[in-house]
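Engineer: So you can see what is in the structure, the chains are spelled out below.
Protein chains: 2
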Amino acid sequence: MSTELSGYKGNMFKFLKKENLQIGDIIRITRNDEFFEGILMPRYELADDNHIVLKLKNGYNIGIKLHREMVVMKIGVGAKPTYKLSHQPKEKTVLPTVAIISTGGTIASRVDYRTGAVHPALTSDDILTVVPELSKIANIKTKILFSLLSENVHSSHWTKLAQTVAHYIQMGVDGVVICHGTDTMAYTSAALSFALQNLPIPVILVGSQRSSDRPSSDAALNLINAVKAAAKMPIAEVMVCMHETASDTITVLHRGTRVRKCHTSRRDAFKSVNIRPLARIKGEEITLLEDYTRRDPKKHLITTPNFERKVGLLKFYPGLDSNTIDWYMDNGYFGLILEGTGLGHVGEYLFPKIRKAIEQGLIIGMTSQCIWGRVNMNVYDTGIDLQRMGVIPLKDMLPETALVKMMWVFSQTTVLEEAKKLLLLNIAGEFSDRTLYEK
Amino acid sequence: MSTELSGYKGNMFKFLKKENLQIGDIIRITRNDEFFEGILMPRYELADDNHIVLKLKNGYNIGIKLHREMVVMKIGVGAKPTYKLSHQPKEKTVLPTVAIISTGGTIASRVDYRTGAVHPALTSDDILTVVPELSKIANIKTKILFSLLSENVHSSHWTKLAQTVAHYIQMGVDGVVICHGTDTMAYTSAALSFALQNLPIPVILVGSQRSSDRPSSDAALNLINAVKAAAKMPIAEVMVCMHETASDTITVLHRGTRVRKCHTSRRDAFKSVNIRPLARIKGEEITLLEDYTRRDPKKHLITTPNFERKVGLLKFYPGLDSNTIDWYMDNGYFGLILEGTGLGHVGEYLFPKIRKAIEQGLIIGMTSQCIWGRVNMNVYDTGIDLQRMGVIPLKDMLPETALVKMMWVFSQTTVLEEAKKLLLLNIAGEFSDRTLYEK
Numbered sequence: 208m209s210t211e212l213s214g215y216k217g218n219m220f221k222f223l224k225k226e227n228l229q230i231g232d233i234i235r236i237t238r239n240d241e242f243f244e245g246i247l248m249p250r251y252e253l254a255d256d257n258h259i260v261l262k263l264k265n266g267y268n269i270g271i272k273l274h275r276e277m278v279v280m281k282i283g284v285g286a287k288p289t290y291k292l293s294h295q296p297k298e299k300t301v302l303p304t305v306a307i308i309s310t311g312g313t314i315a316s317r318v319d320y321r322t323g324a325v326h327p328a329l330t331s332d333d334i335l336t337v338v339p340e341l342s343k344i345a346n347i348k349t350k351i352l353f354s355l356l357s358e359n360v361h362s363s364h365w366t367k368l369a370q371t372v373a374h375y376i377q378m379g380v381d382g383v384v385i386c387h388g389t390d391t392m393a394y395t396s397a398a399l400s401f402a403l404q405n406l407p408i409p410v411i412l413v414g415s416q417r418s419s420d421r422p423s424s425d426a427a428l429n430l431i432n433a434v435k436a437a438a439k440m441p442i443a444e445v446m447v448c449m450h451e452t453a454s455d456t457i458t459v460l461h462r463g464t465r466v467r468k469c470h471t472s473r474r475d476a477f478k479s480v481n482i483r484p485l486a487r488i489k490g491e492e493i494t495l496l497e498d499y500t501r502r503d504p505k506k507h508l509i510t511t512p513n514f515e516r517k518v519g520l521l522k523f524y525p526g527l528d529s530n531t532i533d534w535y536m537d538n539g540y541f542g543l544i545l546e547g548t549g550l551g552h553v554g555e556y557l558f559p560k561i562r563k564a565i566e567q568g569l570i571i572g573m574t575s576q577c578i579w580g581r582v583n584m585n586v587y588d589t590g591i592d593l594q595r596m597g598v599i600p601l602k603d604m605l606p607e608t609a610l611v612k613m614m615w616v617f618s619q620t621t622v623l624e625e626a627k628k629l630l631l632l633n634i635a636g637e638f639s640d641r642t643l644y645e646k
Numbered sequence: 208m209s210t211e212l213s214g215y216k217g218n219m220f221k222f223l224k225k226e227n228l229q230i231g232d233i234i235r236i237t238r239n240d241e242f243f244e245g246i247l248m249p250r251y252e253l254a255d256d257n258h259i260v261l262k263l264k265n266g267y268n269i270g271i272k273l274h275r276e277m278v279v280m281k282i283g284v285g286a287k288p289t290y291k292l293s294h295q296p297k298e299k300t301v302l303p304t305v306a307i308i309s310t311g312g313t314i315a316s317r318v319d320y321r322t323g324a325v326h327p328a329l330t331s332d333d334i335l336t337v338v339p340e341l342s343k344i345a346n347i348k349t350k351i352l353f354s355l356l357s358e359n360v361h362s363s364h365w366t367k368l369a370q371t372v373a374h375y376i377q378m379g380v381d382g383v384v385i386c387h388g389t390d391t392m393a394y395t396s397a398a399l400s401f402a403l404q405n406l407p408i409p410v411i412l413v414g415s416q417r418s419s420d421r422p423s424s425d426a427a428l429n430l431i432n433a434v435k436a437a438a439k440m441p442i443a444e445v446m447v448c449m450h451e452t453a454s455d456t457i458t459v460l461h462r463g464t465r466v467r468k469c470h471t472s473r474r475d476a477f478k479s480v481n482i483r484p485l486a487r488i489k490g491e492e493i494t495l496l497e498d499y500t501r502r503d504p505k506k507h508l509i510t511t512p513n514f515e516r517k518v519g520l521l522k523f524y525p526g527l528d529s530n531t532i533d534w535y536m537d538n539g540y541f542g543l544i545l546e547g548t549g550l551g552h553v554g555e556y557l558f559p560k561i562r563k564a565i566e567q568g569l570i571i572g573m574t575s576q577c578i579w580g581r582v583n584m585n586v587y588d589t590g591i592d593l594q595r596m597g598v599i600p601l602k603d604m605l606p607e608t609a610l611v612k613m614m615w616v617f618s619q620t621t622v623l624e625e626a627k628k629l630l631l632l633n634i635a636g637e638f639s640d641r642t643l644y645e646k
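The listed protein sequences correspond, in order, to chains U and Y.
Going left to right, the first sequence walks through residues 208 to 646 as the numbering used here numbers them.
Going left to right, the second sequence walks through residues 208 to 646 as the numbering used here numbers them.
It should be emphasised that the hints constitute simulated quantities derived from the structure, not laboratory data.
Honestly, I wouldn't trust all of these hints.
Claimed, not checked - Mimicking DSS-like on lysine-lysine, the simulated pairs with C-alpha atoms at most 27 Å apart in a straight line are:
1) Lys517/U x Lys517/Y
2) Lys343/U x Lys439/U
3) Lys517/Y x Lys560/U
4) Lys505/Y x Lys348/Y
5) Lys221/Y x Lys272/Y
6) Lys272/Y x Lys489/Y
7) Lys517/U x Lys563/Y
8) Lys216/Y x Lys489/Y
9) Lys563/U x Lys517/U
10) Lys517/U x Lys560/U
11) Lys628/Y x Lys506/Y
12) Lys517/Y x Lys563/U
13) Lys489/Y x Lys343/Y
14) Lys627/Y x Lys560/Y
15) Lys560/Y x Lys517/U
16) Lys628/U x Lys560/U
17) Lys225/U x Lys262/U
18) Lys478/U x Lys478/Y
With the hints as extra help, turn the sequences into a complete structure.
Structural biologist: Now the structure itself:
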């Protein structure tokens, strides 16, 4: 292997060779409307063969995945990088500041050895004691906001949490980390995604599937990587940081509106649905995997922290009693998210009640209990009928995200046409207009 | 490579070599309580290195995966097999008989080119015309039972379908294939698993994600492999036969109680949850992957085809109105399956209503909306509290299977203690008592 492309192999080696690039070249990588400029770095570890590593001007290394629509251009020859991974010359810089807000959950829990049960009890300072590495990554400000198992977190907590994050952003922190129970973390991450608009910095929810006093705990790695990401990632979105695999070495950052807890106990329980995770963190290497909104401290945060509680989520199943829909009408609900089957269907016996609900002014959105994929209500007659009566197909939105979004929408407006428009406006990357990687 | 182990390689080659086995040897493979006896066959294709292929006494070849707990013993030396794959000497055998029952769905549909929508219209005879290969695999008996999009299939159809399958089994067919829409196929497969007990032969549901007059249709392969499996598989269970991957070459057979539609549109939408599929079919090679109940035509079918409709499925989410539980109490429900969060939790604000419902005589079972994994209500205080008030943790059962099972249980008995016992009795492989492959 040629020394001017040290560490690169396979497809990436061929690609760089073809482009006549060498380690140390200053290059620009353009993809869609975005670009990265930096010095082409050597790869040290047992690397895969589809990432380029760039050293950005701000000093951070990022890994960028080879992509067909990507244009790579040499824009200068840099000084050859001379350091090795273990002896990187440390610039004398001021550490970034990260706020850690604790809401409870396993990550902030200890086992009660008397009953064997887990209590949310660890304080934020305790967390720093348990994971001392954090103080080398950032100046940490800690705050205990709640001490709740996450099944007890609901919309009034989302509101308070959004306001607390806003407070820290106004104080000028570089990133915010939120310790949260895993059970409803994805609901909260969706809620914050809608409540915190025009975010200048990353807001990262983190949890653990095994409490921090157990040997197999995932708490330390998740927390360290969440703080790392909050301190220096270029992504200014609400994200969830959890293990990518069962091994305790890699975490991924999931977009807050696209993530779901998909296993009761595994450490890699959280999955991005219908998109890839936004980024992967392995040691000091951060790989960006998806398009994202860039960090920009000059951006002005807009906080819209309220949620309407009279919004329901109803999962269809064979034999679901059609009278349950009356219940929502009789109890003053604004809207209902249906978890239909397949491409977005429910039994035809429900149609009269759905029609009546829409006539009464409820908004009914359709998602799929399949979880993966996109609703498409133009394929079968019954989907077409549902649309004609006013049911709104919610593209590839997760049912849980759709629920939270509708709760948020009705806190913004109760004018039906505005609410419908807002429901279909892409606020926080909660849906895609077309499906990639479909086979 | 030695000729006496033609086609074997890697680990499997080493293993067979170590055991001093040759092609043509008669061997017995024992795993747990089961064993297979047959002639060790050569492998012809680009085979993987972890399956043994045996020719059973009934003439069928099966692939068996190498497994640590497996004992392989040579019990005799057989005549060397002399045929090649393309010139297998055909024994003059009577073809097996397979009944194809059509209920509708995309697999039995045609696109209406006027509206672009899909109608369930194809007759069973049409299916034979579209897929003429079927007549070489088995003598086919066809029956149109319904012409329904599967979102319109409910428990009274399950009853009628179970009775129809029973009729064909009594007529002595070797296997039954059911064409069904994919939307609720997993609910129906669970229902038949409970309704058809002590099955002597395979009962295989099959669907397609793309209609059979579209170029990318998965209908033909799914149907061919379902008929193949119904004709000759040694597994006598209710199963679902669908694509394993996006490629149109391999199908898998999922246990009827463990399968879920996990994508709105992909051809590999169906996944076995918490176990592997029971078997894989690739061309003429059938590989058994999990323990199963064996085909035995002497077994006497017991049909228990009824389902109680006053059973509900309720998905918990932050802010779920606790009054919805009153609705089930007020409307004469026998029981409720909760789709809790994580290990089996719901917000504590629901506890008073749950306690009241149990006091009124409802059975409440807990499953997880995570889908994968097992509920464990002994880890957190709140889970322990729920159990104390009588909520029943339903192990690693799918929420949809748990719903169908509870509907079936209350058609068998309305005595509470008997119903609870039945709910926790493993009727059709619907749960495991311990979790394998957990990391």
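Engineer: Now tell me if each hint is right for this structure.
Structural biologist: Do the hints match the structure? See the list:
A distance of roughly 26 Å separates the Cα atoms of Lys517/U and Lys517/Y; the hinted pair therefore holds under the 27 Å criterion. With a C-alpha separation of about 13 Å, the suggested pairing of Lys343/U with Lys439/U holds against the 27 Å cut-off. The suggested pairing of Lys517/Y with Lys560/U holds, with an alpha-carbon distance near 19 Å, which does not exceed 27 Å. For the suggested pair Lys505/Y and Lys348/Y, the alpha carbons sit about 21 Å apart, so the restraint of at most 27 Å is met.
Only pairs whose Cα atoms come within 27 Å are accepted, and Lys221/Y paired with Lys272/Y is accepted, the gap being roughly 14 Å. A hinted pair counts as satisfied when its Cα atoms are at most 27 Å apart, and Lys272/Y with Lys489/Y qualifies at roughly 15 Å. For the hint linking Lys517/U to Lys563/Y, the alpha-carbon distance of about 24 Å falls within 27 Å, and the restraint holds. Using a Cα cut-off of 27 Å, the hinted pair Lys216/Y and Lys489/Y holds, with the two alpha carbons roughly 19 Å apart.
Under the criterion of a C-alpha separation no larger than 27 Å, the hint pairing Lys563/U with Lys517/U is consistent with the structure, at around 18 Å. A distance of roughly 18 Å separates the Cα atoms of Lys517/U and Lys560/U; the hinted pair therefore holds under the 27 Å criterion. Taken as a hint, the Lys628/Y and Lys506/Y pair is honoured in the structure, with Cα atoms around 25 Å apart against an allowance of 27 Å. As the CA atoms of Lys517/Y and Lys563/U are separated by approximately 24 Å, the hinted pair is consistent with the 27 Å bound.
Note on Lys489/Y and Lys343/Y: the hinted pairing holds, with a Cα-Cα distance of about 17 Å set against a maximum of 27 Å. For the suggested pair Lys627/Y and Lys560/Y, the alpha carbons sit about 20 Å apart, so the restraint of at most 27 Å is met. About 19 Å separates the Cα atoms of Lys560/Y and Lys517/U, which keeps this hinted pair within 27 Å; it holds. Of the pairs offered as hints, the one joining Lys628/U and Lys560/U holds, with about 24 Å between alpha carbons and a cut-off of 27 Å not exceeded.
With a C-alpha separation of about 21 Å, the suggested pair Lys225/U and Lys262/U falls inside the 27 Å cut-off, and the hint holds. Distance hint between Lys478/U and Lys478/Y is fulfilled; the C-alpha atoms sit about 16 Å from each other, no more than 27 Å.
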